[in-house]
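Following the hints, complete the assembly by docking chain B onto the known chain A.
Residue numbers (my numbering), protein chains in the order written: chain A, 1 to 205; chain B, 1001 to 1255.
Any given hint might turn out to be false.
Said to hold, decoys possible - Here's a subset of chain B near chain A, in silico, CB distances under 7 Å, partners left out:
| hint | residue |
| --- | --- |
| 1 | Arg1006 |
| 2 | Glu1007 |
| 3 | Asp1016 |
| 4 | Ser1044 |
Stated by the list, open to error - Label-pair distances were calculated between CB atoms; the ranges are:
| hint | chain 1 | residue 1 | chain 2 | residue 2 | range |
| --- | --- | --- | --- | --- | --- |
| 5 | A | Ala71 | B | Gln1034 | 51 to 57 Å |
| 6 | A | Ala150 | B | Leu1054 | 35 to 41 Å |
| 7 | B | Lys1020 | A | Arg103 | 35 to 41 Å |
| 8 | A | Gly42 | B | Asp1050 | 17 to 23 Å |
| 9 | B | Ser1033 | A | Pro198 | 23 to 29 Å |
| 10 | A | Asp29 | B | His1003 | 51 to 57 Å |
| 11 | B | Met1046 | A | Arg57 | 43 to 49 Å |
| 12 | B | Arg1047 | A | Arg99 | 43 to 49 Å |
| 13 | B | Ser1033 | A | Glu18 | 46 to 52 Å |
As the list claims (entries may be wrong) - From the derived model, a few chain A residues whose C-beta atoms are all more than 12 Å from chain B:
| hint | residue |
| --- | --- |
| 14 | Gln25 |
| 15 | Asp29 |
| 16 | Phe33 |
| 17 | Tyr70 |
| 18 | Arg77 |
| 19 | Asp96 |
| 20 | Glu97 |
| 21 | Leu101 |
| 22 | Asn113 |
| 23 | Arg168 |
| 24 | Ser183 |
| 25 | Phe195 |
Source of the hints: derived by calculation from the structure; they are not laboratory data. Built from N, CA and C at the ideal position, the CB exists for glycine as well.
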Amino acid sequence: MRASVFSYLSDLFSLSDEQAMLRVQKENDSHAFALLVRRWQGRIQRLCARLTGDVHRAEDIAQEVFMRVYAHRNDYRGEASFATYLRRIALNACYDEQRRLKRRNEGSLKHNNSENTFNAALEASTLSPEMVAAKQERAELVRKALFRLADQYRQVVILRHYEGLRFREIAQVLDVPQGTVQSRMAEALTQLGRFLKPIMKEETH
Amino acid sequence: MNHPNREEWMAYLYKDLGRKRQAELKEHLKQCSQCQAETSAWRSVMRELDRWKLPQEHKAVPRLRWNIKWATRWAAAAVVLIFAGYAVGRVTVASPPDMEQLQLALETSLEPAIRQKVIEELNRDWGLALANSYLRLKDELSGQFRRELNAYTLHTLAASNAVTNELLTELIEAINTAQAQDRRWVAAALEQVEWNRLRDKSQFINGLEVLAAETGDELQRTKQDLAHLLVYTQPGDLVPYESENLNNSNERSEK
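In isolation and in its complexed conformation, chain A is listed as follows (with noise of 0.2 Å):
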């Protein structure tokens, strides 16, 4: 095993992604494209767990992209680099994951809504201001925020803030301008800056 650990090591070092994608589209290499799922499915999950606000969902849905990424390996041309290819497919597949439960629940509990569950959220966390502070309470309550936010805008949020991406490669993943993510970037900042407002009083710099 512990040679085989430096051969792992070789093998993540000497395979660009694209040129492992290459192999998967060619040659059918299973080890390849093994590679690029050992690579990257830690980083899928995350994004969907933040991208669906369900950690657990995330798991699934992250399958879902890699299935999705082999069965329609041939789509793949190499113009955009894999990260950014696979950004988008995982974007995708959340995106088609929230239709899917929108349609199941369509019909009940019609005053559900995002704006709804963030308020009710909010007013049991005034009602003891301990809560508020209290760690899971707040992360909460951003979570909610956020899932306030239009699509558009929550997307870019979670691209930029949580996974860091720049806001090039972000207009590259949603293929908008550059100018519009850094605009719809400024919304969401501001219009979360409205929702988290009462609770962010409570600081005091």
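The following block gives chain B in isolation, referenced to the frame of chain A:
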């Protein structure tokens, strides 16, 4: 007064601007209370966003924390760097090491004071500044590395091989974030240092001695520590550790 627009402030806040423009906006903030208020509000939101953490978040981008876990990870990364550096002959007095890789290794854990100084060095114009600061940087790196490697070897010597593999796997995670072009030379280096092909251990130790001579006694201990590690992580047949061989560089053992 000409205010930068929202879009540019976003780039500024996330340090996604050219250095010159970044400095210009920083200057503007000093003189403009309106923009100051706006960016301050956005910064508060950014801080709030940080509160949403995923369970078991092992961020690929290392945080600047100082604890044993990061120290071992850093030590492992530094070990690979130094091994790799010798294999491709990059770590010599004349040529500076690959700074992106070093930065990655350094960012994982260094004492704040040293880290700050080192990162400042790294962020400057690498060309000329590097030539001058390289030796200083190498000294600091070596010193820090030796202290941490001692802790690391204590850990690994006591632990099982499975743990070493785990640490290496963590290292993989950390290095995965390196740029593609950096990956390639590390790959070439790894091919050379792949343990089961490293027939001549003393060749490697020779290289260490060169470094030791350059940077003084400090690294004598490092050399021994590294040899501990080398022996410990030999695959398959374990070569018995002979301390005499370390000091006798002329002895070449047949494998």
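Let me make sure I understand: some of the numbered hints might not hold for this structure. Which ones are they, in numerical order? 6, 7, 11, 12, 23, 24 and 25
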